[in-house]
Every structure is written in C-alpha cells, then in structure tokens.
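Q: Using the hints, put the two standalone chains together into the complex.
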Amino acid sequence: EAQVTQNPRYLITVTGKKLTVTCSQNMNHEYMSWYRQDPGLGLRQIYYSMNVEVTDKGDVPEGYKVSRKEKRNFPLILESPSPNQTSLYFCASSSGLAGGFSTDTQYFGPGTRLTVL
Amino acid sequence: RKEVEQDPGPFNVPEGATVAFNCTYSNSASQSFFWYRQDCRKEPKLLMSVYSSGNEDGRFTAQLNRASQYISLLIRDSKLSDSATYLCVVNIGGNQFYFGTGTSLTVIP
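Chains A and B, in that order, are what the protein sequence lines are. Heads up: the first sequence at position 107 corresponds to 113 in my numbering, and the numbers run straight through without jumps. Heads up: the second sequence at position 46 corresponds to 71 in my numbering, and the numbers run straight through without jumps.
Hints are computed from structural coordinates only; laboratory data are not their basis. Even for Gly, the Cβ is constructed at its ideal location relative to N, Cα and C. Watch out, some of these pointers could steer you wrong.
[As the list claims (entries may be wrong)] Which residues of chain B face chain A? A few of them, derived with a C-beta cut under 10 Å, are:
no.: 1; residue: Glu28
no.: 2; residue: Val29
no.: 3; residue: Pro33
no.: 4; residue: Asn52
no.: 5; residue: Ser53
no.: 6; residue: Gln56
no.: 7; residue: Ser57
no.: 8; residue: Gln63
no.: 9; residue: Lys67
no.: 10; residue: Glu68
no.: 11; residue: Lys70
no.: 12; residue: Leu71
no.: 13; residue: Tyr95
no.: 14; residue: Gly119
no.: 15; residue: Phe124
no.: 16; residue: Gly127
[Stated by the list, open to error] Using 20 Å as the maximum straight-line C-alpha spacing, the simulated DMTMM-like pairs for lysine to aspartate or glutamate come out as follows:
no.: 17; chain 1: B; residue 1: Lys70; chain 2: A; residue 2: Glu36
no.: 18; chain 1: A; residue 1: Lys75; chain 2: A; residue 2: Glu36
no.: 19; chain 1: A; residue 1: Lys77; chain 2: A; residue 2: Asp62
no.: 20; chain 1: B; residue 1: Lys67; chain 2: A; residue 2: Asp44
no.: 21; chain 1: B; residue 1: Lys70; chain 2: A; residue 2: Asp44
no.: 22; chain 1: B; residue 1: Lys27; chain 2: B; residue 2: Asp82
no.: 23; chain 1: B; residue 1: Lys27; chain 2: A; residue 2: Glu7
no.: 24; chain 1: A; residue 1: Lys75; chain 2: A; residue 2: Asp62
no.: 25; chain 1: A; residue 1: Lys71; chain 2: A; residue 2: Glu59
no.: 26; chain 1: A; residue 1: Lys77; chain 2: A; residue 2: Glu59
no.: 27; chain 1: A; residue 1: Lys63; chain 2: A; residue 2: Glu85
no.: 28; chain 1: B; residue 1: Lys104; chain 2: B; residue 2: Glu81
no.: 29; chain 1: A; residue 1: Lys71; chain 2: A; residue 2: Glu85
no.: 30; chain 1: A; residue 1: Lys75; chain 2: A; residue 2: Glu85
no.: 31; chain 1: A; residue 1: Lys63; chain 2: B; residue 2: Glu28
no.: 32; chain 1: A; residue 1: Lys77; chain 2: A; residue 2: Glu36
no.: 33; chain 1: B; residue 1: Lys104; chain 2: B; residue 2: Asp82
no.: 34; chain 1: A; residue 1: Lys23; chain 2: A; residue 2: Glu85
no.: 35; chain 1: B; residue 1: Lys27; chain 2: B; residue 2: Asp64
no.: 36; chain 1: B; residue 1: Lys70; chain 2: B; residue 2: Asp82
no.: 37; chain 1: B; residue 1: Lys67; chain 2: A; residue 2: Glu85
no.: 38; chain 1: A; residue 1: Lys75; chain 2: A; residue 2: Glu59
no.: 39; chain 1: A; residue 1: Lys77; chain 2: A; residue 2: Glu7
no.: 40; chain 1: B; residue 1: Lys70; chain 2: A; residue 2: Glu59
Here chain B stands alone, though its shape is the one from the complex (with noise of 0.2 Å):
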C-alpha cells in the first residue's frame, strides 16, 4: 500500500471557481504535512505547510483530519496560473518524506 495517496484528476476547472484535493495517508504516526506545486517538468516548490488546527494562505486553504487520515488543498477563485499539479507530502517521523503522485489541475478561461 502507498503511503500517501492522491486523485491524478485531471481536473478541469473555470476561471473564478472552487476546487479541492484530498490526499490520504496511510501510516498514523505521521507528523508533518505540506502542499507543494509543480508546474510541467519543472521542480517542486512549497506551497503551504499544513498545520492540525487548519490554515489560510490567501486563495489557499490546507486542512488535516487525523481520524480520517488525509488532508485537503481549497483552492478558491482559481487563476489560470493555478494550473499545475499540486503535490501532497507527508513526513512520518525521522527524516524521511512520502510524495503523492500529484494531482493535476487546469483552470480554463
């Protein structure tokens, strides 16, 4: 079983509406989570950290439920230069990180 798990999508969105991704994990003891984006064949890059109460980063909203296990990305009023995939991380302790296999996204004019 992996240990992080992510809906490849493709999902395809217009301009202005809400989107979100859930990324399931399957090891409990895991301790950090993060967002992080990649535009094509380009490198990955942080887009939020996810923190147990819930956190806000502008059009950005980055939950965690640990009784379910997984976390969400809500990405509201979507940009076309949202279009990326957006990659679900997950840290188990230790020094060791787990990547999802990403989800894709293309916002649409």
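This is chain A alone, in the form it adopts within the complex (with noise of 0.2 Å):
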C-alpha cells in the first residue's frame, strides 16, 4: 500500500531533550517536506526536501534541523525542544511528476502529537 508513515504518533517530552520524528514513503517520491499545525496558525512549512542531500527551509524552520540521506525517508530532528514546539506535526511527499513539484499531489503521513513540557 502506497503510504507515508511517521514514527512515533504520539511524543511527550521535557525541554531539552533531542528527540527525532522519522518519516519514511514507499512511493519513491523526490519531493518531501514537514509541516506544522497549530490552531489558528493552520499548516506551515519548516523545511522541505526535493531529492536526496538537498534541503530548504521553510516558513518557520527554527529550531529544527532535518536529513535526507535516502530518498524514502526524511527525519525530523529537534536537538532541543521547547514548549512552543508542542505541535501536530505531518510528513508530505510528492512526485514531481505531473508538471512539477509546486503543481503536484501531496500525501500526508498521518501526524506526530508532540507536546513539550
């Protein structure tokens, strides 16, 4: 089944401490990206990925760091959470294929609950 996972679905954690939201697709996709959603604020872009070892940020990427070392998965790292971090977090991928990555389907992963304390 074409999908994109997220791993773990739900994280509570302490200021401080670095933890990573992996983030893997089985559609052989070029294009990858992470998204936050707060209320209010709707989804926003921290940092997408159009191919292995290249990486751009986003709207709002302080504070996090991420890698794309394989083409099927792309980690998000925090090597220091704090409370406003505490978000739902999705994993996106898309092809490129049909015109374009900025013309094309995303597929959303199904969401990481982060909360920091």
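A: The structure is reproduced here in structure tokens:
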C-alpha cells in the first residue's frame, strides 16, 4: 500500500531533550516536506527536500533540523525542544511527475502529536 | 499579512444544501492552487487542484480569480460525509506551500 508513515504518532517529552520524528514513504517520491499545524495558524512548512541531500527552509525552520540521506526517509530533528514546539506535525511527499513539485499532489502521513513540557 | 486567508466558519448547512468557501491569497505571483480536505485529527488529503479555467469534480467546483486573488470551492447537494475542514493551499513558485487555516463545514441531517 502506498503510504507515508511517521513515528512516533504521539510523544510527550521535556524541554531540551533531543528527539527525532521519522518519516518514510514507499512511493519513490522525490519531494518530501515537514509541516506543523497549530490552532489558528494552520499548517506551516518547516523544511522541504527536493531530492537526496537537497533540503531547504520553509516558513518556520527555527529550532528544527532535517536530513535526506535516502530518498524514502526524511527525519525531523529537534535538538533542544521547547514548549513552543508543542504541535501536530505532518510529513508529506509528492512525485513531481505531474508538471513539477509545485503542481503535484502531496500525500501526508498520519501526523505526530508532540508535547514538550 | 498572511499569505493565504480563509473564513474559519463554522459553516453549518443542511443536507442537500449548496455551500461555497472563498480563500484569498496575497502574492500575485502565486502559481498553483489547491483545496485539501482534513477530517478531525487526520491528515490532509487533496480534494482538487484549481485551474485557471475552473474545474469540476462531481459535486465540487473550484474556481480561480487571479484579478481579485481568490479561489473558491462550491459544494452542491451536501452530504453528511462532506463534514470536514477544507484547506486552501497556494504555491508561490518554487517548492514552498502556504496553507490557509481552514474552513470548518458541518452538514446537518
């Protein structure tokens, strides 16, 4: 089944304790992206990647790191989480085949609900 | 100013009603437009892309007005299963996307 998976789905942690949220897709998509969703603010793009070893900042990259060492995986790293990073996080991917990444459908993972105390 | 703005609603409509949502965008260079649907606490899923000439998919019609910088979504003959939050999404060029905060729709029996 074609899908985007994220782990963990739920995480409660404390300020300053490094964490990684994994994202994996089995559709051979080149484009992958991370978003956070907060009430009243909608989804905001954190980082995106157009291919292996190519990553770019989105709208709200501060406090986050990403890496794209393999096509299928795009982990989100919080080196020193803070309470303002409490949010619902979504990973997404798209193929870019239908005219480019800007016009293609994004497929989202199920989300990771992160609470930083 | 936000790149994309939507009326958050909620819109509560009876089954069978027609309902329309608008979404405005601030950057005139915006190139691609989409409507995504998000069920409560679930991931967003593409409902439809929005083309310059307007497009229809069954009961759903999307339109783009570049002069006034807004896109719209019309849902005809609303079903209970249409209850969800509808997200407007804009790509300004390049590979970065901007989402609206979403419009909540509840279809009432």
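Q: Run every hint past the structure and note whether it holds.
A: Do the hints match the structure? See the list:
1. With its C-beta approaching chain A no nearer than about 8 Å, Glu28(B) sits inside the 10 Å limit, and its interface hint holds.
2. Satisfaction of the interface hint for Val29(B) is found here, the shortest Cβ-Cβ separation to chain A being roughly 8 Å, below the 10 Å cut-off.
3. Because the smallest distance between the Cβ of Pro33(B) and any Cβ of chain A comes to about 8 Å, under 10 Å, the interface hint for this residue holds.
4. This hint is violated: Asn52(B) has a C-beta 13 Å from the nearest C-beta of chain A, more than the 10 Å allowed.
5. At its closest, the beta carbon of Ser53(B) sits 16 Å from a beta carbon of chain A; the interface hint therefore is violated under the 10 Å criterion.
6. With a cut of 10 Å, the hint placing Gln56(B) at the interface with chain A holds, because the nearest CB-to-CB distance is about 6 Å.
7. The interface hint given for Ser57(B) is met, as the beta carbon of that residue sits about 5 Å from the closest beta carbon of chain A, less than 10 Å.
8. Checking Gln63(B) against chain A by beta carbon gives a least distance of about 9 Å; that is within 10 Å, so the hint holds.
9. Given the 10 Å rule on beta carbons, the hint for Lys67(B) holds: about 7 Å separates it from the nearest Cβ of chain A.
10. Hint status for Glu68(B) relative to chain A: holds, with the closest Cβ pair at about 4 Å, below 10 Å.
11. The beta carbon of Lys70(B) is positioned within 10 Å of a beta carbon in chain A (closest approach about 7 Å), and the interface hint is therefore held.
12. The interface hint given for Leu71(B) is met, as the beta carbon of that residue sits about 5 Å from the closest beta carbon of chain A, less than 10 Å.
13. The beta carbon of Tyr95(B) comes no nearer than 17 Å to any beta carbon in chain A, farther than 10 Å, and the hint placing it at the interface is violated.
14. Look at Gly119(B): its Cβ gets to within about 7 Å of chain A, closer than 10 Å, so that hint holds up.
15. At a threshold of 10 Å, the smallest CB-CB gap from Phe124(B) to chain A is about 4 Å, leaving the interface hint in force.
16. Annotation: Gly127(B) was flagged as interfacial toward chain A, and the flag holds, the nearest CB pair being 6 Å apart, inside 10 Å.
17. For the suggested pair Lys70(B) and Glu36(A), the alpha carbons sit about 19 Å apart, so the restraint of at most 20 Å is met.
18. For the hint linking Lys75(A) to Glu36(A), the alpha-carbon distance of about 12 Å falls within 20 Å, and the restraint holds.
19. About 15 Å separates the Cα atoms of Lys77(A) and Asp62(A), which keeps this hinted pair within 20 Å; it holds.
20. At most 20 Å may separate the alpha-carbon atoms for a hinted pair to count; Lys67(B) and Asp44(A) meet this at roughly 14 Å.
21. Distance check on the hinted pair: Lys70(B) and Asp44(A) sit about 18 Å apart at the alpha-carbon level, within 20 Å; holds.
22. Between Lys27(B) and Asp82(B), the direct Cα distance comes to roughly 29 Å. Violation of the 20 Å bound is thereby established for this hinted pair.
23. The straight-line distance between the Cα atoms of Lys27(B) and Glu7(A) is roughly 37 Å, outside the 20 Å bound, and the hint therefore fails.
24. The straight-line distance between the Cα atoms of Lys75(A) and Asp62(A) is roughly 14 Å, inside the 20 Å bound, and the hint therefore holds.
25. With a C-alpha separation of about 13 Å, the suggested pair Lys71(A) and Glu59(A) falls inside the 20 Å cut-off, and the hint holds.
26. Between Lys77(A) and Glu59(A) the alpha-carbon distance is near 9 Å, which keeps this suggested pair within the 20 Å criterion.
27. Simply put, Lys63(A) and Glu85(A) have alpha-carbon atoms about 16 Å apart, close enough for the 20 Å limit, and the pair holds.
28. A threshold of 20 Å between alpha carbons decides the hint, and for Lys104(B) with Glu81(B) the separation of about 17 Å falls inside it, so the pair holds.
29. Using a Cα cut-off of 20 Å, the hinted pair Lys71(A) and Glu85(A) holds, with the two alpha carbons roughly 8 Å apart.
30. For a cut-off of 20 Å, the pair hint linking Lys75(A) to Glu85(A) stands: about 18 Å separates their Cα positions.
31. Straight-line distance between C-alpha atoms of Lys63(A) and Glu28(B) comes to about 17 Å, which keeps the hinted pair within the 20 Å bound.
32. Straight-line distance between C-alpha atoms of Lys77(A) and Glu36(A) comes to about 7 Å, which keeps the hinted pair within the 20 Å bound.
33. Distance restraint check for Lys104(B) and Asp82(B): the Cα-Cα separation of roughly 15 Å lies within the 20 Å cut-off, and the hinted pair is therefore satisfied.
34. Annotation: proposed proximity of Lys23(A) to Glu85(A) holds, straight-line Cα distance about 7 Å (limit 20 Å).
35. Taking the CA atoms of Lys27(B) and Asp64(B), the gap is about 23 Å. The hint is violated against a cut of 20 Å.
36. Of the supplied pair hints, the one linking Lys70(B) and Asp82(B) holds, its CA atoms being roughly 15 Å apart against a limit of 20 Å.
37. Between Lys67(B) and Glu85(A) the alpha-carbon distance is near 27 Å, which puts this suggested pair outside the 20 Å criterion.
38. The suggested pairing of Lys75(A) with Glu59(A) holds, with an alpha-carbon distance near 6 Å, which does not exceed 20 Å.
39. For the suggested pair Lys77(A) and Glu7(A), the alpha carbons sit about 18 Å apart, so the restraint of at most 20 Å is met.
40. Distance check on the hinted pair: Lys70(B) and Glu59(A) sit about 27 Å apart at the alpha-carbon level, beyond 20 Å; violated.
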